[in-house]
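Peer 1: Sequence:
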Amino acid sequence: MNSFNEKNIQLHYNQFAGIYNTLPSDEFFQRILGLGLDEKSEVLDIGCASGKLVFQIAEKFNCEKIVGIDISEVEIEIANKTRNEKGLTNCSFYTGNALNLPFEDAEFDFVISNRVFQLINEMEAAFKEADRVLKPGGQLFILLVTSDKDDVMPEYHDLLKTAWKNNITDKPAPKIFNVVSVKDVENMMANVGVENYKITLERYSFKSPRERAEAGLPVYNILGGYWKQGIDPEIVRKIDNEMKELLNEQCDKFGYFKSTGHFLILTYKK
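Going by our numbering, the sequence shown opens with residue -19, and the numbers climb by one from there.
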């Protein structure tokens, strides 16, 4: 698995803060509608970005407490500004790390996370933290993006490999995300001490219009490992521009950009 530098990841997320509000979260929101949230629920969203899902939950269920945490202080600034504009008093946001959640043991009825845990190198430690803050009888619902190939979001990675090869010949293109198998998650659950869990693996295939596909590029690139490999920022810009050109070629040809992979959904009641 990759060895991410937390500070650099934070800086990159700060750079692209707010873009996650342009990406789809409604599908995940629909999935959690059946969990049993109500006005008494206390909910934690790990990796909340600028709070889109938190606000959806607040406006639908009027929960007693909804907390979002994210590694990017800029995302949290955006979330706090939006909360104030909406006048929501039951939402709060924290800048923090999933490996060291600033919350008490057994504080939340629901711990949720959407497409974040595959970014965490020490994923097992993050699962332990999520379990720690979950109340007895509470529910965990985590969605990971994974793949049956060598990298998550393989179509985006193919763009990167082509652009990288055209600009850099002496270093391999970085793999971006942790590819997590069902067996990996089963082993982590055993180490965390959770037995009664459920894992669902669902195939997805998105045909994204040009604007949405382009919005995915910086989300993908921010963890591109450029800073790890000491790549000149000017070359990084050339790679990014070439990736966009390659993506646009596909959109011009087909009318969309297709991306495939799997959702791995982990759920359990403590």
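It should be emphasised that the hints constitute simulated quantities derived from the structure, not laboratory data. Accuracy of the hints is not assured; some may be wrong.
[What the hints assert, rightly or not] Here are the simulated PhoX-like pairs of lysine-lysine, each with C-alpha atoms no more than 20 Å apart in a straight line: (1) K115 with K233; (2) K108 with K163; (3) K238 with K249; (4) K145 with K224; (5) K233 with K187; (6) K249 with K141; (7) K178 with K115; (8) K129 with K178; (9) K108 with K233; (10) K141 with K218; (11) K40 with K20; (12) K238 with K224; (13) K218 with K145; (14) K238 with K129.
[Stated by the list, open to error] Simulated DEER-style distance windows between Cβ atoms: (15) R112 with G16: 20 to 30 Å; (16) E166 with D6: 27 to 37 Å; (17) T149 with L13: 44 to 54 Å; (18) K129 with K45: 37 to 47 Å; (19) Y74 with R190: 21 to 31 Å; (20) L181 with G67: 34 to 44 Å; (21) R183 with G16: 20 to 30 Å.
By construction, the Cβ of each residue, glycine as well, lies at the ideal position given by its N, Cα and C atoms.
Peer 1: Please go over all the hints and tell whether each is borne out by the structure.
Peer 2: So, going through the hints one by one against the coordinates:
Taken as a hint, the K115 and K233 pair is broken in the structure, with Cα atoms around 51 Å apart against an allowance of 20 Å. The straight-line distance between the Cα atoms of K108 and K163 is roughly 17 Å, inside the 20 Å bound, and the hint therefore holds. For the suggested pair K238 and K249, the alpha carbons sit about 35 Å apart, so the restraint of at most 20 Å is broken. Taking the CA atoms of K145 and K224, the gap is about 15 Å. The hint holds against a cut of 20 Å.
Straight-line distance between C-alpha atoms of K233 and K187 comes to about 13 Å, which keeps the hinted pair within the 20 Å bound. Between K249 and K141 the CA atoms are separated by roughly 41 Å; this puts the pair beyond 20 Å, and the hint is violated. Proximity of K178 to K115 is assessed by CA-CA distance (about 18 Å); at most 20 Å being required, the pair is judged to hold. With a CA separation close to 23 Å, the supplied pair K129 and K178 exceeds the 20 Å bound.
For the proposed pair K108 and K233, the alpha carbon gap of about 46 Å is over 20 Å, so the pair is violated. A distance of roughly 13 Å separates the Cα atoms of K141 and K218; the hinted pair therefore holds under the 20 Å criterion. The suggested pairing of K40 with K20 holds, with an alpha-carbon distance near 13 Å, which does not exceed 20 Å. In summary, the hint linking K238 to K224 is supported, as the alpha carbons are separated by about 14 Å, within the 20 Å threshold.
Of the supplied pair hints, the one linking K218 and K145 holds, its CA atoms being roughly 12 Å apart against a limit of 20 Å. Taking the CA atoms of K238 and K129, the gap is near 15 Å; set against the 20 Å cutoff, the hint holds. For R112 paired with G16, a C-beta distance near 21 Å keeps the hint of 20 to 30 Å intact. For E166 and D6, the Cβ-Cβ distance of about 29 Å falls inside the hinted range of 27 to 37 Å, so the restraint holds.
The given range of 44 to 54 Å is respected by T149 and L13, whose C-beta atoms sit roughly 50 Å from each other. Distance hint check: the CB atoms of K129 and K45 are about 40 Å apart, consistent with the given range 37 to 47 Å. At about 35 Å, the beta-carbon gap between Y74 and R190 misses the expected band of 21 to 31 Å. Between L181 and G67 the Cβ separation comes to about 40 Å, which falls inside the hinted range of 34 to 44 Å.
Under the hint 20 to 30 Å, the C-beta atoms of R183 and G16, about 27 Å apart, fit the expected range.
Hint check: violations occur at hints 1, 3, 6, 8, 9 and 19; the rest are consistent with the structure.
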